[in-house]
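Participant: Sequence:
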Amino acid sequence: YDFSCSTENPSISDKKIQTHKDRPVKKRISAINEHKPNSDFRTGDLVNITVSRLDTSVNIDSVQFFVDGVFVGTSTGTKRTYTWNSSEAKAGRRNIKTITYCRSHPKEVNNISIFMFSDLVPRQYGFQIIHAFPHDQDAYTQGLVFDLGFLFESTGQYGKSSLRKIEPETGKLISSKKLPPDLFGEGVCIFKERIIQLTWKSRIGFVYDKKSFELINKIEYQTQGWGITADGEKLIMSDGSNIIYFLEPEYFTELSRIEVYDNNGPVNNLNELEFINGEIYANVYQTDKIVKIDLLTGKVLAWINLEGLLSEKDYHKKIDVLNGIAYDQEKNRLFVTGKMWPKLFEIELVLMK
2 YDFSCSTENP SISDKKIQTH KDRPVKKRIS AINEHKPNSD FRTGDLVNIT
52 VSRLDTSVNI DSVQFFVDGV FVGTSTGTKR TYTWNSSEAK AGRRNIKTIT
102 YCRSHPKEVN NISIFMFSDL VPRQYGFQII HAFPHDQDAY TQGLVFDLGF
152 LFESTGQYGK SSLRKIEPET GKLISSKKLP PDLFGEGVCI FKERIIQLTW
202 KSRIGFVYDK KSFELINKIE YQTQGWGITA DGEKLIMSDG SNIIYFLEPE
252 YFTELSRIEV YDNNGPVNNL NELEFINGEI YANVYQTDKI VKIDLLTGKV
302 LAWINLEGLL SEKDYHKKID VLNGIAYDQE KNRLFVTGKM WPKLFEIELV
352 LMK
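When we follow my numbering, the leftmost residue of the sequence shown carries the number 2, and every step to the right adds one.
Hints were generated in silico from the structure; no laboratory data involved. Just to be clear, a hint being listed does not mean it is correct.
Stated by the list, open to error - In silico lysine-lysine, DSBU-like type, Cα no more than 30 Å apart, as pairs:
hint, residue 1, residue 2
1, K161, K319
2, K179, K212
3, K290, K166
Claimed, not checked - Okay, the calculated beta carbon distance ranges per label pair:
hint, residue 1, residue 2, range
4, S176, E308, 29 to 37 Å
5, R334, Q125, 20 to 28 Å
6, K212, N278, 48 to 56 Å
7, G70, K161, 41 to 49 Å
8, M353, I131, 12 to 20 Å
Quick caveat: nothing in here was measured; it's all calculated off a predicted structure. Cβ coordinates follow ideal geometry from the N, Cα and C atoms, glycine included.
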């Protein structure tokens with residue numbers, strides 16, 4: 002498919018040295034047609050990708066089409082259109098590339114991006130309180146995870162950040178470890194026999210022995226640290242955007258990522274994470290809501306509204322937002338709390354009609 006016209010090369014003596022200003026602007030022969038508004042694209046749509054001929058003196062022989070770097074098809078002759086079935090696509094930005102071939106011109110590459118909203122209408126959940134337990138109201142909760150009968154909590158704020166082991170029913174502090182005063186604690190997860198704790202803007206994380214809290218290793222990552230969880234094989238991390246990163250657990254190398262979208266667009270400010278029965282639960286920062294996310298596509302499966310969970314009588318002057326999700330797999334218990342909340346709640350989700 003790679004055709005180009007042949008010309009005789011001039012002798013070196015005939016060549017002239019061209020400056021950047023003298024160099025002629027290359028005239029493009031093709032372009033990908035503009036699409037309908039991004040908000041109209043949803044996973045499952047048939048997306049028509051059409052290449053226009055900008056130079057009518059040039060005949061285009063064929064066009065190859067790629068989506069996210071993967072070849073999807075070829076069009077020949079005057080049609081120059083490919084219909085992409087997006088039913089298996091992830092939500093978010095999808096990159097489309099075309100390569101145009103002709104006999105009288107070098108091949109030409111065009112790129113555009115489109116944005117795929119989710120085709121799913123998320124389910125809506127409320128809650129029922131099963132138990133309310135005491136929680137340290139001075140704990141600026143940034144991460145929460147349950148393991149073998151105990152809660153492990155990461156707290157934030159400069160000079161006050163810590164890692165804690167807590168008895169959930171009583172709020173009793175079993176053990177704790179302070180972070181250096183220049184670090185702001187963030188999410189926490191357990192991976193095998195290790196605890197992994199993030200920090201915020203410093204892009205440094207810590208790996209501890211689960212039993213002793215002894216520091217095993219420091220790790221670095223390429224974005225801000227917000228929430229973290231694990232699926233048993235990979236680490237799953239948020240950075241406050243709508244992106245979820247999947248990381249190799251030893252060196253934090255990025256393996257893949259998803260963009261989180263519902264049927265109305267991107268869901269930003271993803272914070273504390275928990276992996277529950279094959280799905281990702283994420284606090285949406287500065288709201289009383291949690292989203293349930295498909296870990297393969299980034300589609301929002303459900304919105305969980307926890308407004309009113311903390312009664313106004315429990316408010317105090319330092320009270321802050323909902324943040325903290327932990328799951329007891331063995332007993333099917335879901336725990337939630339917030340920054341400087343005086344209570345930790347075990348809740349049951351209630352599907353709204």
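Participant: How does the Cβ-Cβ distance of M353 and I131 compare with 12 to 20 Å: does it lie in that range?
Facilitator: holds (18 Å)
Participant: Between G70 and K161, is the Cβ distance one that fits in 41 to 49 Å?
Facilitator: holds (45 Å)
Participant: Taking the CB of R334 and the CB of Q125, does the distance hold inside 20 to 28 Å?
Facilitator: Check passed, 22 Å falls within 20 to 28 Å.
Participant: Given the hinted pair K290 and K166, is their Cα-Cα distance within 30 Å?
Facilitator: At roughly 26 Å apart (the allowed maximum being 30 Å), K166 and K290 satisfy the hint.
Participant: For the pair we were handed, K161 and K319, check the Cα-Cα distance against 30 Å.
Facilitator: OK: K161 and K319 at ~14 Å, within 30 Å.
Participant: Can the suggested window of 48 to 56 Å be confirmed for the beta-carbon pair K212 and N278?
Facilitator: 27 Å Cβ-Cβ, so the 48 to 56 Å window is violated.
Participant: Using the Cβ atoms, figure out if S176 sits within 29 to 37 Å of E308.
Facilitator: holds (34 Å)
Participant: Hinted pair, alpha-carbon criterion (30 Å max): K179, K212. Please report holds or violated.
Facilitator: Given that 30 Å is the threshold and the Cα spacing comes to 16 Å, the pair holds.
Checked against the numbered hints given earlier, the structure breaks only hint 6 and satisfies all the rest.
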